[in-house]
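Protein sequence lines correspond, in order, to chains R, P and Y.
With my numbering, letter number 128 in the first sequence gets 128, and the count goes up by one each step, no holes.
Each position in the second sequence, counted from 1, maps to that position plus 166 in my numbering.
Each position in the third sequence, counted from 1, maps to that position plus 274 in my numbering.
Be aware that one or more of the hints could be misleading.
To give an idea of the chain P side of the interface with chain R (calculated C-beta under 8 Å), a few residues [stated by the list, open to error]:
1. M167
2. H172
3. R196
4. R234
5. P247
Computed spacing ranges between beta-carbons, pair by pair [what the hints assert, rightly or not]:
6. I175/P / T307/Y: 23 to 31 Å
7. W300/Y / R105/R: 39 to 47 Å
8. D340/Y / A170/P: 28 to 36 Å
9. V341/Y / L27/R: 39 to 47 Å
10. G149/R / V341/Y: 17 to 25 Å
11. A139/R / A182/P: 43 to 51 Å
12. R196/P / D340/Y: 15 to 23 Å
Because the hints were derived from the structure by calculation, they are not lab data.
Ideal placement from N, C-alpha and C gives every residue a C-beta, glycine not left out.
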Amino acid sequence: MKTVRRWVQLSIALWLFWLVLAMPLDLSDLFWGLAVAGLAGLGASFFLWRRQAPGLGARNLAGLIFHVFDLVRLIVPAALQVARVVLDPSLPVQPRIIVYKTLLRGELERVTLANTITLTPGTHCVDLDGDRITVHCLAPSFADALVDGRVERRILRSLGISQADD
Amino acid sequence: MLAAVHALIVSFLVIAGAAFFFIGTLGLLRFPDFYTRVHAVTKCDALGAGLVLLGLAIWSGPDGEGVRIMALIALLLLSSPTAGHALARAAFRTGLQPWTREDGDESD
Amino acid sequence: MTDWSPASLFWAVVIFLLINAFACLWRGLAGPTLPDRILAVNVIGTKTMVVLVLLGLAREQGIWLDVALVYGLLSFTVTLVASRLLETGLLKGAWRD
């Protein structure tokens, strides 16, 4: 039963979230948390991911966590670059919209790519529609790393996916 | 001695975070159009809040409060780019045109 | 120096962030477009969340942290719902005037 499996998965995830929030834990926290998480998961499992589960394997999950740490490292130069632009009295921006066709196949990889684009210096993802990604960049040169495929290869590597073909 | 170093690290993180918040505010006020403002806000605000909260998590230590503040940081790092996407996409799909520099100097 | 604690710094940062939040409020009032206003509200929400955590630690009351967590979740939801409302056409073209 797919719904039952979804319910169990959701409830466990919600329960873990509860345990973090209720941090000085005692026994009643464990029990009530499980009860509330089970109820909320039951409600949510009827309308979340009805059409298609996000298809997250254990290996992807580990890669995703690694990727989040990668993003934390990326956001520092991105913020510093914005700081340089903002603090410059002449405000040197040349905004451009670039439409980029991605080679990535799955939904998970595409969403990860969009997040990475947003957190790299000077680019911000505006729209994601199928394989077309619309990117707003502060100056045309910021999109170079994206257009020559460096960003995509990096995501594939950190998610542990081998791209079969295109 | 250790307490002083501890306090120094916390103060540094909190002040650095506040500085990034200030840059985010400045970007929100100075940039010419919505899309460029989103740039400033998603990056600087996420980093600023992350730094301040990291300092506070270190200050209150790992028992209890610190873990919950780390959960708050995780929530923030996930929600900030997501909110930026949703908003930028809504603006783009309803037809808001991005600002471009008028005197068409194409070389960058 | 050794018994100096960052708690006094927290108050200063709270005031600094509040001044920032009011500066962002100007963008919310001035617009000129609807997404700008939503963005300003989102930014003020983030600042408020951090201010709540700072206040909780400066006054050593744990309950503020719970308020901050709920506030953060709600502020994120508000931005999502507002942009969804804008995108699905209920407010289409509302920034033109």
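Hints and how they fare:
no. : hint                        : verdict
1   : M167                        : violated (29 Å)
2   : H172                        : violated (21 Å)
3   : R196                        : holds (6 Å)
4   : R234                        : holds (5 Å)
5   : P247                        : holds (5 Å)
6   : I175/P / T307/Y: 23 to 31 Å : violated (41 Å)
7   : W300/Y / R105/R: 39 to 47 Å : holds (45 Å)
8   : D340/Y / A170/P: 28 to 36 Å : holds (31 Å)
9   : V341/Y / L27/R: 39 to 47 Å  : violated (26 Å)
10  : G149/R / V341/Y: 17 to 25 Å : violated (45 Å)
11  : A139/R / A182/P: 43 to 51 Å : violated (26 Å)
12  : R196/P / D340/Y: 15 to 23 Å : violated (36 Å)
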